[in-house]
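All chains should be built: construct the whole structure from the sequences, respecting the hints.
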Amino acid sequence: MSASSDEAFVLEVLAALEQTGLEALVVGSVAAVLQGSPVTTQDLELLVRDTPANRQKIEMLGHCLGARPREVSSLTNVLRIDAASAPVDLLFDCLPGELSFESLRSRSVAIDLAGRTATVASLEDVILSKEASGRPKDHAQLPILRDTLRVKKALAK
Amino acid sequence: MSAQAETSPRVTVEELTATKRRLQPLLPDMDPCDLDLILTSLLRPFGSGRRFFLREVRPGVRVF
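Quick mapping for you: the protein sequence lines, in order, are chains Y and X. The first sequence runs 768 to 924 under my numbering. The second sequence runs 2 to 65 under my numbering.
What the hints contain is simulated information worked out from the structure, not anything from laboratory work. Any given hint could be a false lead.
Said to hold, decoys possible - Computed beta-carbon distance windows for the label pairs:
{"#": "1", "chain 1": "X", "residue 1": "Asp32", "chain 2": "Y", "residue 2": "Glu785", "range": "15 to 21 angstroms"}
{"#": "2", "chain 1": "X", "residue 1": "Arg52", "chain 2": "Y", "residue 2": "Lys920", "range": "23 to 29 angstroms"}
{"#": "3", "chain 1": "Y", "residue 1": "Gly882", "chain 2": "X", "residue 2": "Asp37", "range": "26 to 32 angstroms"}
{"#": "4", "chain 1": "Y", "residue 1": "Ala775", "chain 2": "X", "residue 2": "Glu57", "range": "34 to 40 angstroms"}
{"#": "5", "chain 1": "Y", "residue 1": "Glu898", "chain 2": "X", "residue 2": "Asp30", "range": "16 to 22 angstroms"}
{"#": "6", "chain 1": "Y", "residue 1": "Gly864", "chain 2": "X", "residue 2": "Arg59", "range": "30 to 36 angstroms"}
{"#": "7", "chain 1": "Y", "residue 1": "Asn844", "chain 2": "X", "residue 2": "Arg52", "range": "29 to 35 angstroms"}
{"#": "8", "chain 1": "X", "residue 1": "Ser49", "chain 2": "Y", "residue 2": "Ala877", "range": "16 to 22 angstroms"}
{"#": "9", "chain 1": "X", "residue 1": "Glu57", "chain 2": "Y", "residue 2": "Ala877", "range": "30 to 36 angstroms"}
Even glycine gets a Cβ: it sits at the ideal position worked out from N, Cα and C.
Printed below as a string of structure tokens:
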């Protein structure tokens, strides 16, 4: 097997998280991809707690990934690291749907990826956050995400 | 085959076909092509060359 550049990039981000000690949950479409959903995305979203220590670690993460974190917009507190392969977006404390970091982490799944462990929001929570986001591009993914969840449940029977 | 198969080193066409045959009666309202697509993605191990990031090469044009 040979990893694609996308898979290699996910591993690079996991290595950088480990190096910086930043506790982060993989959320959004990449979380869905890592749980088998046949979807595509433009960025890798991470949810972290908004603390001074984590802000410093995010600066270090940017250094590891080759770009300084920057604000996406004045309308949001999301930070973006423009890494070479794909943007890495840092979201703070909660996701749409009043999904807190703690609640998401309590339901998260640990996925082994080539020897590194990714802490990933459950597919159920990815669906909840996309339902609550109100964004058409998120809503467009919902049917295939719900079907993936149904297939996973059927597989487990 | 369980969902854990996503971390297995290899999924054969035969396994995929057998899994699809087993699941179809459990998901009668699901489009067979969608089931095929989902199973192919679900059972494909990480590191097997999957692409999922879209890149904008110029305004309005995105590629894997």
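Against the structure, the hints:
no.	hint	in the structure
1	Asp32/X - Glu785/Y: 15 to 21 angstroms	40 angstroms, violated
2	Arg52/X - Lys920/Y: 23 to 29 angstroms	27 angstroms, holds
3	Gly882/Y - Asp37/X: 26 to 32 angstroms	30 angstroms, holds
4	Ala775/Y - Glu57/X: 34 to 40 angstroms	20 angstroms, violated
5	Glu898/Y - Asp30/X: 16 to 22 angstroms	20 angstroms, holds
6	Gly864/Y - Arg59/X: 30 to 36 angstroms	35 angstroms, holds
7	Asn844/Y - Arg52/X: 29 to 35 angstroms	30 angstroms, holds
8	Ser49/X - Ala877/Y: 16 to 22 angstroms	20 angstroms, holds
9	Glu57/X - Ala877/Y: 30 to 36 angstroms	32 angstroms, holds
Hints 1, 4 from the earlier list are contradicted by this structure; the remaining hints agree with it.
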